[in-house]
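Q: Residue numbers (the numbering used here), protein chains in the order written: chain A, 3 to 293; chain B, 636 to 942.
Hints were generated in silico from the structure; no laboratory data involved. Predicted model, so just to flag it, every value in this text is computed and none were measured. C-beta atoms are modelled at their ideal positions from N, C-alpha and C, and glycine is treated no differently. Treat each hint with caution, since some may be false.
What the hints assert, rightly or not - Distance windows between CB atoms, simulated: (1) Glu911/B x Val284/A: 13 to 23 Å; (2) Gln7/A x Ala768/B: 26 to 36 Å; (3) Ser91/A x Gly901/B: 26 to 36 Å; (4) Met902/B x Gly219/A: 30 to 40 Å; (5) Val843/B x Pro267/A: 35 to 45 Å; (6) Gly219/A x Ala768/B: 23 to 33 Å; (7) Val905/B x Leu6/A: 51 to 61 Å; (8) Gly219/A x Met935/B: 23 to 33 Å; (9) Gln60/A x Val662/B: 18 to 28 Å; (10) Gly5/A x Val843/B: 12 to 22 Å; (11) Met902/B x Val130/A: 52 to 62 Å.
Claimed, not checked - One-sided excerpt, in silico: chain B residues whose CB lies under 10 Å from chain A: (12) Phe687; (13) Asn762; (14) Asp786; (15) Met902; (16) Val905; (17) Pro908; (18) Ala913; (19) Ser918; (20) Phe927.
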Amino acid sequence: MLGLQIIVDGFAISALYALGATGFTLIFGVSGVLNLSHGAIMVSAAVGAWALHDLLAQNAYIGATFGVVLAMIVSLVTYGVIVRPIQVSRSIREEEKEIFILTATLLWGIILQEVIAYLFTNNAKSVVPIVDGVVSVLGVRIPANEIFTAIICWLVIGLLWLLVNRTPAGKAVLAASMNPKGVTLLGIELNWIYIAVWAIYGALAGIAGVLLGMFLGVSSYSVGPLTASAFSIVVLGGLGSVTGSLIAAYVVGYIETITAYLISPAYRFIPSLLLLVVVMYVRPYGLLGRR
Amino acid sequence: MRDITKTPLFWFCILCIVVASVLPVWVSGYVLGLLTVAYYYGVFAMAWDLLFGFANEVNFGPTFLIGLGAYTAGIVNGRYGLPITVCVLLGTLAAIVGGLLLALPALRVSGPYFGLTTLVAVLILQNLIVVFADLTGGEIGLTVPDVISIDARANYWIALAFMVVCGAILWGLSRSSVGLILQASGQDKVQAGALGFNVTKHKLAAFVISAFFSGLAGAMLVFYMGTASVGTFIDLTVAVQIIIAAVMGGRRTIVGAALGSIFLVGMTEVLRPMGELATLIVSVIALLVVLFFPNGFIGMLTRKEPA
Chain A
3 MLGLQIIVDG
13 FAISALYALG
23 ATGFTLIFGV
33 SGVLNLSHGA
43 IMVSAAVGAW
53 ALHDLLAQNA
63 YIGATFGVVL
73 AMIVSLVTYG
83 VIVRPIQVSR
93 SIREEEKEIF
103 ILTATLLWGI
113 ILQEVIAYLF
123 TNNAKSVVPI
133 VDGVVSVLGV
143 RIPANEIFTA
153 IICWLVIGLL
163 WLLVNRTPAG
173 KAVLAASMNP
183 KGVTLLGIEL
193 NWIYIAVWAI
203 YGALAGIAGV
213 LLGMFLGVSS
223 YSVGPLTASA
233 FSIVVLGGLG
243 SVTGSLIAAY
253 VVGYIETITA
263 YLISPAYRFI
273 PSLLLLVVVM
283 YVRPYGLLGR
293 R
Chain B
636 MRDITKTPLF
646 WFCILCIVVA
656 SVLPVWVSGY
666 VLGLLTVAYY
676 YGVFAMAWDL
686 LFGFANEVNF
696 GPTFLIGLGA
706 YTAGIVNGRY
716 GLPITVCVLL
726 GTLAAIVGGL
736 LLALPALRVS
746 GPYFGLTTLV
756 AVLILQNLIV
766 VFADLTGGEI
776 GLTVPDVISI
786 DARANYWIAL
796 AFMVVCGAIL
806 WGLSRSSVGL
816 ILQASGQDKV
826 QAGALGFNVT
836 KHKLAAFVIS
846 AFFSGLAGAM
856 LVFYMGTASV
866 GTFIDLTVAV
876 QIIIAAVMGG
886 RRTIVGAALG
896 SIFLVGMTEV
906 LRPMGELATL
916 IVSVIALLVV
926 LFFPNGFIGM
936 LTRKEPA
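Let the hints inform the model, and build the full structure from the sequences given.
A: And the structure:
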């Protein structure tokens, strides 16, 4: 039964990792930005959902929706106020922009974290789950919320795939990630593509954040670890490769779950970190990376 | 190479050092204690600047090297009672070995991949320290029996002298041909290689030098504080502080990194009455500097166009 427990638990946590990392890799693939305020955006969404339910006594659906919308707003602000000004700045040299964006988004993440801590304290907050109760499958008791999380994650990832591969707007985004100049030559405003992508990214991070809040709970301390885990999953899978990120999310999620169940929760993060180092030595561009 | 005694920045630094060295006459022991820590942080930030500013490698893990130095020194002192100098040397050695290990993937990967490798190094070290708690003191921290001195002024002067010497060496290095080649290979690896410079060798050297100073300063800071804990030496927040200090001061200046650290420690202290808002305000200021004065304090002082 332990085996089944691991499979089920690992699946849910991996789905959550996958969703969080998908947004991160999308932004990198399209605009070449590594957004180190990723964790802060996820936590903002969860705290937004929590605040609406616990402080303003709204129902779980309104809370969750608000959390996602909040994440989209924060994401657009990140792009408009932090990333865009650096990208167009003339006093920063081209080859240093990447480093400036890393530093600035890192600082922005800390600012968001501190604002959350100041307004709502550092205490852990758990978002009220939309689905309650426990389901028993083959003698394993699974919280219904865990199943709900996995379903929503895969649904959203599926929708994203459809959006990118099957709609004209998505194809424009795909084209922009391959050749931004070519897209502008076709008369498509690149700026709007970027704004749309950041909004989509905000929604993905927001959904992941709210689900995480329902599943494990969040606090302002989660900001750093969340960014680090998304970053490592994305690099492990190969930057810009969504499929790679999905595989990496499952590899990391399962390794962590197995370690936590079979060895000790204290060692939870060590094997996946070591794996990451090994991959960096053996395959510097990740599992499915291209360069 | 220009005559450095003619630049205003040089005289500004001399002035700062003179003011700093007579400071203990006026200010209280508390302020001296703060500045002592700020000076060690200054060395951390300068060592980071060498790697980041010149070699253009984003190192998210300066605390990996610092922590190795600090914990090695602290553990050999606590376990075997070796004298402080030996402990500091061993700590520095450990940091250099760690730096070489970290440099191995660094020579293969670059950009974000390298950044992640350094980040992971910190996380692994942090986890290992918690796991091997009976050796390292785990989350509670490590207590070191020996201290450099119990006199606040002596500690202050040692830290100041240490920072000035390290700063001078690093600054000299950055202006030497080694620094120029590093800068060239940071900007265009292929072209620097085509000009006949051994990029790999120089990057490796930058790593070892950075590791040497980080480890040395880390080991010394342990013997000033008398304790070592994950929160003060290794945690990512410490790394972020160092990065902010170096970027705020001005990259590729070495001196700026030291100024940035002192400013950061000072700001945090001035804002302490604001409670939780202190970190928020410091981060906002740092972000504004990054967005509007990308060349940092030194850039504002010298008003030089980005070279």
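Q: Please go over all the hints and tell whether each is borne out by the structure.
A: To see whether the hints hold, each was checked on the structure:
| no. | hint | verdict |
| --- | --- | --- |
| 1 | Glu911/B x Val284/A: 13 to 23 Å | 44 Å, violated |
| 2 | Gln7/A x Ala768/B: 26 to 36 Å | 28 Å, holds |
| 3 | Ser91/A x Gly901/B: 26 to 36 Å | 28 Å, holds |
| 4 | Met902/B x Gly219/A: 30 to 40 Å | 33 Å, holds |
| 5 | Val843/B x Pro267/A: 35 to 45 Å | 37 Å, holds |
| 6 | Gly219/A x Ala768/B: 23 to 33 Å | 26 Å, holds |
| 7 | Val905/B x Leu6/A: 51 to 61 Å | 57 Å, holds |
| 8 | Gly219/A x Met935/B: 23 to 33 Å | 44 Å, violated |
| 9 | Gln60/A x Val662/B: 18 to 28 Å | 54 Å, violated |
| 10 | Gly5/A x Val843/B: 12 to 22 Å | 47 Å, violated |
| 11 | Met902/B x Val130/A: 52 to 62 Å | 40 Å, violated |
| 12 | Phe687 | 7 Å, holds |
| 13 | Asn762 | 5 Å, holds |
| 14 | Asp786 | 36 Å, violated |
| 15 | Met902 | 14 Å, violated |
| 16 | Val905 | 17 Å, violated |
| 17 | Pro908 | 15 Å, violated |
| 18 | Ala913 | 9 Å, holds |
| 19 | Ser918 | 5 Å, holds |
| 20 | Phe927 | 9 Å, holds |
In this structure, the earlier hints numbered 1, 8, 9, 10, 11, 14, 15, 16 and 17 are contradicted, and the remaining ones agree with it.
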